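J.: Generate the whole structure from the sequences, applying the supplied hints.
Heads up: the sequence lines are chains A and B, in that order. Under this note's numbering, the first residue of the first sequence is numbered 1, with each subsequent residue one higher. Under this note's numbering, the first residue of the second sequence is numbered 1001, with each subsequent residue one higher.
Where chain A lies over chain B, by a calculated footprint (3+ residues, C-beta under 8 Å):
#1 1038 to 1047
#2 1123 to 1130
#3 1141 to 1149
#4 1202 to 1214
#5 1511 to 1519
Below, simulated DSS-like cross-link-like pairs (lysine-lysine); rule was C-alpha separation at most 30 Å, straight line:
#6 K1433(B) - K294(A)
#7 K1325(B) - K1173(B)
#8 K34(A) - K1046(B)
Note that these hints are calculated values from the structure, not bench results. All values reported here derive from a predicted model rather than from experimental measurement. All C-beta atoms in this analysis are idealised placements derived from N, C-alpha and C, irrespective of residue type, glycine included.
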Amino acid sequence: MSTPTPANGMDRRSFLRTSAVLTTGLAALAASLKPLMEMNDFPTAERFMQKYYKEMTPADMDKVLKRITNEVEKQYGLRPHVRDYKPMDGVQYVYCLNLTRCIGCRKCVHACVAENNQSRNPEIQYIRVLKMEDGSLDIEKAEHDYDPEQVPEKGFFYMPVQCQQCKNPPCVKVCPVHATWQETDGITVVDYDWCIGCRYCEAACPYWARRFNWTKPEIPKERLNPEMSYLGNRPRRQGVMEKCHFCIQRTRQGKYPACLEVCPAGARKFGNILDPNSEVSYILNHKRVFIQLKEEMGTSPRFFYYFDV
Amino acid sequence: MIQAIKNYFTFLQRCGRLVFIGDWRYFTWTGTLAVFCLLGLNAYCKQFAHGLITTGMSDQVSWGVYIANFTFLVGVAAAAVMMVIPVYIYDNEELHDLVIFGELLAVAAIIMCLLFVTVDLGRPDRFWHLIPGLGQFNFPASMLSWDVIVLNGYLLLNVHICGYLIYCRYQKKLPAKWFYYPFVFIAIVWAISIHTVTAFLYVGLGGRPFWNSSIVGPRFLASAFSAGPALIILAIQVVRRVTATVPSGDAKQRFAGAANPKTVASRPATLDDLELLARFLPEFDSVSKDVRREILPGLAVLDVPAGDTFLRQGETDPHAFFVLKGQVVVEREESGRYRITRSARPGEQFGEVSALAGTPRMATAIAEEATQVLRVPSDALRKMMKSPRMNKIVHARMAERLMITDRALMILRNIVQVSMLINVFLLVNEVFKEFYSGNLHSISAKYLFVGLHGHHALVPWIWSAILLNLTAMVLLILPVSRSLKWLNLTCVLCIVGIWIEKGMGLVIPGFIPTPLGQMVEYSPSLNETLICLGIWAFGLLCYTLFLRMAVPILQGRLSKANEGQPEDEVLPVLAANSSAQN
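T.: Shown next as structure tokens:
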């Protein structure tokens, strides 16, 4: 089996043997690479070289937005309206959620999926509603998969959990490539084109608020929301992280998040904490007790739970 | 400069050719590994095309066996330092010959680590975002960015140290201390750091109480320093076995001459003979004319036909030898097999250790071709070594050998023993803390050790790990593990026990239940398992090839002196085996 050394030259037999081994090896290599043929989403040179969000000039961003528009149109047959909405001056968003009012109907969960172009197969949901026994706030005892005929059920209350938009976000700290960061209006965003998919942020989040695209997201064409933003609800690719961004494409235009608008119980309140006349300022100033989930973590959430007392 | 680069390329080329030389056992082994590598590559291509959905991971358990293996292997890589510390800090002779094996294992382990991290990435095409300067490197905030630095740094350090020492050995040149000693000491600190940083990867996450415990770092080090040396104990015995020439019973057959020695032609040495030696050994020039004349009467020149024995392992006789012509092979009987520990060519010595120390011969020296040697009595050798240059070269060449003694294995056993005791002690600490206080944060530990809400996938794993570790610990304390058979069993128990404890026992339960209290279990998919096997096969293949190249150089078989000679002739025994197979 030893390969002949050049010093002796090759005789016919060892030449044949070497070529047989080489051919078999190459054929085996080619066969093992075959699954790559099933791929239809090879990154183009342009996407491969795309700059980091914070390093893009407005001209760069225009080009990228145009490219995204074309890509979405090609894939979904619908020309979207993709913008890069910037945070507004003097605005810091805060979310307040009234646990007395929430009835656990999960309408917010589905409105969020529709608004934010989340993958439907497998379905990615940013909001998880926990069914909790009256009298306890221990989320380790929460029920996730409740499915009764009718909500609310007696003896229980419901606690929707989504990204808490922490002031000290552990997910941002651990990202090795700065692919996720906190904007000046308090929203923690992800640059889907920069994330390397290591999922360290998912391990770091104490609220289980981050979701990974384990495969190529699937959205039915007719369900696509064409109003998109770069850091918000534009369609994601396989292998990147995503999360609730307070519907950046709506809230930065002065609208409410989708989960709030759909809530039939009026349990959700959203607004600018820097504005003393906002609803959220009123709640935080007048409610005696409000809960920041896992307060002892020191994450300082911008998401407050309260009860009507 | 250009000549130096050319020389280096010749060296690389010759090393490269060694890879294709071997007997049927070698090709079966490497061929099997290559098949597993290709299966792994195939599985990875599937994962690359369809995403990580091909694994058993989910948003709930978002890291799995990839990261578990990564964590284990960082420990193995770090543990190579346990070989280096006794050698460089305490000048331990027994382990000296084995340091290179430890460091090559570290290199192979780091290669596997890097592959395991890469296959875990959702977007491996964006790896360049991690390159400092080119991408966006979140240093020092992200522990993962620390890991990128320490792992790659450790790889470079070890590649440099091994590469340099082996290249020096190839050239039969003394390594310049300033060019590797500082790196050795950096590597010692670095080894501790790679495993500490990997532990901090978990410890730093406040949202995961199971990991968020300061004992994880020390536990990682303790378990690594028992699993790593255990792996080295097994690896060097394999090396010892496969580099052995023949079972000792057959030695007579191989060296027909050795059985009935011919009369050795011996004559008194002349000054011309010393002149001849000086031509091959420039350091001998520093021995003055007066000294030469003084020692001359005791010296003799022997002409020995191929296959004859100069000296035998176990004998006592006070002579050292310098080769003037031909080639001598020095073989040592270890565990019932003969193995080449060094090869001497003109200008090189053998038999000097016993001559200087008066101890029995450690090995048997046989003339491989018609050989002429200068026989030097010990007092004459001492006089020659009064010259500092001679002293230095003789001492340096003493170290140029490859001995894998049972004593070296016992030193490693001591390391495994102490580390395993500490490891079990720390585990007890952890278990006590989790269960005695009974607070809510111990819920992952409950899931791991006794199961929770009807979920107990990890319970059998962790208890078998504990059982394996405890058995290993008991065996290590008992004198029975001084026998190699029991020691090997103990090492296997250690490795498997710690692999489970660190992988299934640490990475996975950190995710169960989720921070929102959901119970979702994890088990690796077939595709994921194939990728893991592929990476392990690739790592083992790398290690095999590294050893294939390093061993003949360490034995002095392949050196600059025999450049131009085909590599398979340099390894006569192995070549003979393989041609017998054909």
